[in-house]
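**Student:** Use the sequences and the hints to build the structure in full.
Chains as they are written, first to last, in my numbering: chain F, 1 to 206; chain Z, 1001 to 1244.
Hints are all accurate, no fakes.
Only some residues are given here: those of chain F computed to face chain Z with a beta carbon under 7 Å:
(1) N14
(2) S17
(3) N20
(4) A21
(5) V49
(6) I120
(7) G121
(8) W122
(9) G193
To be clear, the hints were calculated from the coordinates, so they are not data collected in a lab. Quantities reported herein were computed from a predicted structural model and do not represent experimental measurements. A virtual CB, placed ideally from N, CA and C, is assigned to each residue, including glycine.
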Amino acid sequence: MKREIGIVDYGIGNVKSIENALIKLNARSILTSHEDQLLNCDKLILPGVGAFKRGMENLQGRGLDQVITEFISTGKPLLGICLGMQMLFTKSEEFGTTLGLNLIEGDVRKIPTKSRLPHIGWTNLSAKNGSWSNSILETTKKQSRVYFVHTYAGFPDNESDYLAVTKYEGIEICAAVRKGNIYGTQFHPEKSGTAGLSILEKYISI
Amino acid sequence: MRVIGRLDIKNNYVIKGIQLEGLRKVGDPIELALKYYEQGADELIFMDAVASLYGRNNLFHIIEEACREIFVPIVIGGGIRNLSDIAMALKSGADKIAINTQAIRNPKIIEESVYQYGSQCIVGSIEAKRKGNSWEAYIENGREETNIDAIGWAATLEKLGIGEIMVTSIDKDGTKSGFDLDLVSSINKAVNIPVIACGGAGNMQHINDLIKSCNSDISAFSAASVLHYDLLSITDIKRDLGVF
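**Tutor:** Written as structure tokens, this is what we have:
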């Protein structure tokens, strides 16, 4: 049987494009909020758009924060996308302080700029430190353009958790994180054309 | 800067008029959307050109089909009246919802939808026509005037919480004679959220003029006729702009 990717369903945001991208890449996926089904998957995707507080409340209301933590502890991979990546952090300052899943130590803060927000658009990926080999960016060319839409961004405490950065109006933003089997992308790989699809393809194959 | 392909749709055909009138069929929406995606479009806008007339948006099935093969952000607009329309649009695969007529008739829809889906999901669409030294906001795809000042309305939309503004110059729409630079730069100055300039793109000079008039601080522009009639391709535009 083909391996299955669980898309965590917590009643928020638009997951259609993630499902479409996985179909395009011939991956089997299931959108579910059931503990057993999620724990049975080979890997998870935690999607999300919108506000941090609402996202966390929805996760906790369904007990999915616990499920995610349990899933991670088995060593299987998880990929958080956009808000899904931000919720991996310790806490967020969006609408007061809200605690996150605390899988990546650090804060989520408003992008420190006087320029227009949200940051909506395509910007380049580059490495912060370390290499992209043996990661979801292994097949990604340096300076690939990917699609961002966000007002808040994650700031990992540990430099080693940065997988990639981008720049918005001269400000460095954490574009992707990696800590062991935990991945997160602030950009939307499912909306980043062929560059994005190759990142998802790599995630499917790890 | 984002280069966006815009498809105005009526009865399952991409149509294009001049100043939002005299609509002519120019092609199949899925074919054109795929073509622009393959040319490297950063985003696509699907507008239902007649939705307000019939009180419904007809694009959901088109979006659903397009999204199976297109992996860049999709904006849908035209005839979005309430939260259930928005839910259906998102379910069909759209990422952002552009609202004009209903935002003016019932601004509460903006606050409610922003609360429900986040500001990044809601695009304030403004259709503006020059009136003396200012611009008036129009609704119903350019058919009905409102006496509302377009620049002031842009600022109000930002306060209501939208994440982005899309401004279409009715005077310039379909003319391929350049953007309404004064309109776009005035709106761009009035808000601190991204702005998409629509209406008038005819050649590279027009795009460079737009960038210059906004001091290189314009988030995006859309092109329609110039792409539909193969006068420029998105590949050409992005190469000339130096974005890949």
